[in-house]
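Listed here are the chains, written in short residue letters.
2 protein chains.
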Amino acid sequence: MQNWINNKDDSDNIVLSSRIRLARSLREIPFPNRLSDEQGLQVVKSVEDAFYTNEETKNKFSSKYLWLSSESENSSFLEKHLISSNLINNHKKAAFILDKDETISIMINEEDHVRLQCINAGFNLDETYSIANNIDDVLESNLEFAFDERFGYLTACPTNLGTGLRASVMIHLPALSMNNQMSQVLNALTQVGMTIRGLYGEGSTALSNLYQISNQITLGISELDILSNLQAVVSQVINQENLSRAQLMKNYKYELQDKIYRSLGILKTAVILPYKECLKLLSNVRMGVEMGIIKEIDKSILNSLIVNSKSIAIEKYYENNMSDKHIDVKRAEFVREKLK
Amino acid sequence: MQNWINNKDDSDNIVLSSRIRLARSLREIPFPNRLSDEQGLQVVKSVEDAFYTNEETKNKFSSKYLWLSSESENSSFLEKHLISSNLINNHKKAAFILDKDETISIMINEEDHVRLQCINAGFNLDETYSIANNIDDVLESNLEFAFDERFGYLTACPTNLGTGLRASVMIHLPALSMNNQMSQVLNALTQVGMTIRGLYGEGSTALSNLYQISNQITLGISELDILSNLQAVVSQVINQENLSRAQLMKNYKYELQDKIYRSLGILKTAVILPYKECLKLLSNVRMGVEMGIIKEIDKSILNSLIVNSKSIAIEKYYENNMSDKHIDVKRAEFVREKLK
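Which chain is which? The protein sequence lines are A and B, in order. Take -6 as the starting number for the first sequence in this note's numbering and just add one per residue. Take -6 as the starting number for the second sequence in this note's numbering and just add one per residue.
It is worth saying that the hints were derived from the structure and are not from the lab. Don't take each hint at face value.
Copies of the same chain are indistinguishable here, so a pair counts whether it falls within one copy or spans any two.
[To be verified] When the alpha-carbon atoms are kept at most 30 Å apart in a straight line, the in silico DSBU-like pairs for lysine-lysine are as follows:
(1) K273 to K1
(2) K246 to K318
(3) K246 to K323
(4) K243 to K309
Just chain A, with the same shape it has in the complex:
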């Protein structure tokens, strides 16, 4: 697997990353929200024992205990989608096992006892699922998961019942947004049982033009069907986005180039840069790179800027407790430096 942020591969233009998440619960142990902190720590121990069974996993992975790490460390893992806010809420009894490349994260005592997650660069659902499945097998050989012959895997929330599988892709859809076609896409996706969400919740969506498309249904359908359905749907969205881009380029060539190049110019020169504006400009520049209009910028830099120019990341990089304006100044400095 390849960390999506550092990905330099140009083949998957529109899909930034593919993600597989499996929800598993331990048999005859109350769900995490019913566990005392002490019981929670026992669960952490059990999962670790089940996972660290050979030298390879011991070398490539390490455990992070949320009760030991600072709020800003936890937030920075959250920004990178390596853990969830649910896990942070349970920080007194929550931990996660992370690989060195930051592509695999096994959350312990999130909503379920085990939430295994693999994030891969590009549009690679099958490969990503196969890796997640292997890790799931390792865990299952040493742990007893709650499983029902009729329903499948039992989870804390019924929306995950069955396969416990949530597959998703992060996709960049600026042209569909510019052409006001996103609500259409959203309706179509909902009708075929898919969900579409923003990168960091609703607010940031329209700015970054980054969306997560994932399967809604986990029950009464096989893992392979979930994957192939999502694959088909995403391929269609990619086609629509490419069509929209071609139309824009045909009808508004200069306007589009103007938007893209100005965005790069502003990112390279701004002295005060609010995050929302930064996301919007990064999206424009990314579109330029994806369309081959801008050639000198590496997409991995744009990926890292999306993640690392959030206020909390900027404070972590420079200093804590800055004023909002000071953060915007430091963000501008950070972005200028990275795009030099």
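Following the hints, put chain B in place on chain A, whose structure we already have.
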């Protein structure tokens, strides 16, 4: 004298150019608007004969006959403030004598028979006047100007009666504009007998932040008093502008730098660039250069962009009869090229 557009001298930061204009009419010959084209051509001949009396003037100056030159050539001299629209209106009988550096222009058959004009770089009213005065002496030694012992020089319009002298400076006042102090400045200048106008009439003023301050009164006051009054007033405006800049820098350091650097970023990257936006951005960048915030840009490039990025100049440089949008695209290309 130094052509203000090419001026690389950094000493006069805020004043771009100083201009002296002398209005003179020939005795016992009707004012130009009462002349037939044929009579007009005789006036052109007389002024040329009076001026080209030695090898030096013959080598350094040449005559331009408006009835021979194209509309776009005439417009381009207008853009550079070397001739007036009045002269163009009289194009069938109008001419002007121009030096190689384009600092001295002797208009023939404008409102008056002779309108002598010297434009010098920077804040140099005395030197500029002294050169204009010398040329006036040469002309006067060979021509009979209409002169009245009581009033002074007689001119077609009474506003020029007396000295026939209009002295003006072109000055860049972005900070006073940003601080909404321009109406105050305007009132104060009017009260002391000065006029303030925009670079190309009212519309462009607020965008370029370039103003022309000149004496209103020409009658009952000596040439030297006109000059020293204007000098004193302009010095005061310079002080106010510098004060405003210092205040901005103190209270809005990052905002100011942001505005200045973003403007440069946009000028360097835009693909569609309307003239009004271009003027606004050039003013911001000029302010940055004048304040020492931007060091890598030469002011002479900014001067030339103000003049040469007007639509008519862009059409002349690339091709005629482009659509407005195409001009904006070519302007952007021109500006990017110059700022490389």
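Against the structure, the hints:
1. K273 to K1: within (22 Å within a copy, 39 Å between copies)
2. K246 to K318: between (35 Å within a copy, 12 Å between copies)
3. K246 to K323: between (34 Å within a copy, 14 Å between copies)
4. K243 to K309: Between. Shortest inter-copy distance 28 Å satisfies the 30 Å Cα cut-off; intra-copy 43 Å does not.
Every hint, counting from the list given before, is met by this structure.
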